[in-house]
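The primary structure of each chain is shown beneath.
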Amino acid sequence: MSSWVRRAVPHCVRAWWAVITLSCVVALSLSVPLPAYGDDNPGTGIEEPPGETLDAGVVEPDQAADNGEGEAGSEGQPSGLPTDGDGNANDINFQQLPDSSFIYDTAISALAGADSYYNNQMVQVTGEVIGDRINAEFDPDHCWITLQATDGSSAQVIAYLTKDQTSGIDSYGAYGRRGTILQVRGTYYLVCPDHEGISDIHGDAVSVVSAGEVIETPFRWSVFIPGLLLVLIGVALVVFYRYLQERQR
Amino acid sequence: MWQRFTLYDLRVIGHYLGVLLQFSAILMAVPLVVGLAFGEWEPASRYLLGGGIALIAGTLLRFLQVAPARLGRRQALAVTGLAWIILALFASIPMWLSGHYTTYLDALFDCVSGLTTTGASIIVDLDHLSVADNMFRFTMILFGGLGLIVIALSFGVFGKSGSGASLFSSEGRSEHVVPNVVQTTQFIARITAIVVLIATSIITVLCIIMGIEPVRALLQAFWVSISGFVTGGFTPMSSSILYYHSFAIELLLMILMILGSISFVVHSEVWKGRIKVFYRDIETKTMIVWIIVATVVFTAALSVSPLFSDMLAILRRGLFMVISAFTTTGFQIITTNQLTTAFTSGAFLTIAMIMAIGGGAGSTAGGIKASRVGIIFKSITSTIKEALAPDSARIIVPYYHLGRRILTPEIVREAMTVFVLFVVTYVIGALAGIAHGYDASQAIFESIAMTSNGGLVTGIVSPGMPVSLELIYMAQMWVGRLEFVTLLALVVEIVVSFNPRRWKRQS
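Chains as they are written, first to last, in this note's numbering: chain A, 1 to 249; chain B, 1 to 507.
Isolated chain A (complex conformation) (with noise of 0.2 angstroms):
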């Protein structure tokens, strides 16, 4: 600090004035706006349930109203993403705040051994979509899909949807086609309720994360060639046997 402002001004009002500026510039930097996770973020589809709270993915939704440390939507978020030299979002916040809106990633291998902790508790798997869409039976909006595991544990789940969000589906798992890998997220049901008792998930939010492929499998005579060989042998040997048939009588 210059000599001609250490003689103007007192000690006490110079400490005073640093506090104050100091304090501004705090004020300043917390009023900048900025982006929750997930904004400017194409393809998650993951919308946040109305009402509902999510600590570390597990819900207890009758203590959501109770819960006001992790309240879902877009309130103390600060608008607005950083974003780098070309002016592209940056799809990872680091200045997001931690809340409550993590989700616990399942594995559906876990689920397909899983025990009466798993029940009623909010979940998000990843899947292939195996089979084919079935029509809920006394409900014609929703519908069941069954979803594999992708880890080669070959373990599914069983998946209650809108039919509108299956619209993403392009392609059901099958011989020659590999399905469309889903993420969903809803609530597990080890003993459904709703649905006479069987494992399921009620899906809340679903997208895509890869589109299905049809594996095409040329003709090729190649591989038909041993199979014809024994065949004609086997023939050949058929043909024998009943000439010393013929003989012996």
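I should point out that these hints are in silico values taken from the structure, not numbers from a laboratory.
Incorrect hints may have been included.
Dumping the calculated SDA-like pairs for lysine to any residue here, alpha-carbon to alpha-carbon at most 25 angstroms [as the list claims (entries may be wrong)]:
{"hint": "1", "chain 1": "A", "residue 1": "Lys163", "chain 2": "B", "residue 2": "Val215"}
{"hint": "2", "chain 1": "B", "residue 1": "Lys272", "chain 2": "B", "residue 2": "Ile292"}
{"hint": "3", "chain 1": "A", "residue 1": "Lys163", "chain 2": "B", "residue 2": "Pro214"}
{"hint": "4", "chain 1": "A", "residue 1": "Lys163", "chain 2": "B", "residue 2": "Lys285"}
{"hint": "5", "chain 1": "A", "residue 1": "Lys163", "chain 2": "B", "residue 2": "Ile209"}
{"hint": "6", "chain 1": "A", "residue 1": "Lys163", "chain 2": "B", "residue 2": "Arg216"}
{"hint": "7", "chain 1": "A", "residue 1": "Lys163", "chain 2": "B", "residue 2": "Glu213"}
Chain A is fixed; fit chain B onto it per the hints.
Chain B only, in chain A's frame:
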């Protein structure tokens, strides 16, 4: 008393096993044609290869005895006993080459399970299996359920060798629908065809309404109809009947399973208009009483569960599982995980006991059989009557089974012998499971499922299970399908044949 197999016996046995192998080679034409029709070139080539191998092996075996000979009873027992394993060995070749099994033994396990209509499967990624492979699985279920010998006889595979009666009875069928064995087998095949056709038509329509593509709907309907009527238990989808989420399909399959668990002889009588025969039969009465008791116990046990407290859930899921277990089909509309976690231990073991008793004799169902249980209870009644009656009294206990019959010591002895053998096998299998480190109740359940050919599994039967346990379970399925007598007789004959002291004595 014990006669060993001579070289001539072995040649005749080999000859007839060769006949059956040649027949199985022709059966592989079914998945071959289906594969070609659906453009599944790789699966089609596998069945061409498998058919060629079976044809060569079968023909080479027939060279052992070129001139066909009439089968004696001991030879027929050996042919029947070995046919199931020999056919499974060759049927598993194309299945193993599909890449859906971790080892050849797993493929063999599935083929034995299919042929014995157990229905427990350790296939990997079933939902991506080709149509050709699925068709072959259900072909095995169909022929195993009706009986390999039955099918072979109805197609005239054994020609006019006159061995039909010996083979027929050695497959565990003591009752003839009509006096002629070949006509009996053709009747069984005809009934099956009619029932499967009707069920397929109805289920196809239901599947299309549910949103399944028409071709897939037709195939799935055909397969589950076969599996339901012959009480096989295989399904085209991993989640079993739960996949369809349809009460209508579940109801239809329950009817199908019950029809399949009724003796074909009774079917024949009902077909001729003699419905009273069905209601008066000791087997029917035993089944009705047993099912009522088991359902009440099961419902009471399940209602205690905090998860399964809803009456609608108990009725829908519980009743289907009870019928699936009672008919030893093995269909499920709950997950395997729910069986071990959501079900109470009482409900779990009740299902096991229902499987243990099984369905009707002379049907496609497995287990101890309701008729034997009925006879044992009649025997208890007889014993009590004898205890209460004066010494000079002669106690006669009648029962009705296709006519009025009198309970004799021989009939009771046969029923008790098979009952004891089943229970001993259940115990041995359970101990084997426990010795491999599995939970006791699961080991008991799995052992009963294997021996009774029930097929409901709790997770022990899975890819990567211990090899020794896998072999034990295969033996249990085999033994249960043949109802012990055939197989034990075969084992005794083989052991005696290898006894050198017998060679010296007989020479």
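Those earlier numbered hints the structure runs against, lowest number first:
Structure breaks hints 2, 4.
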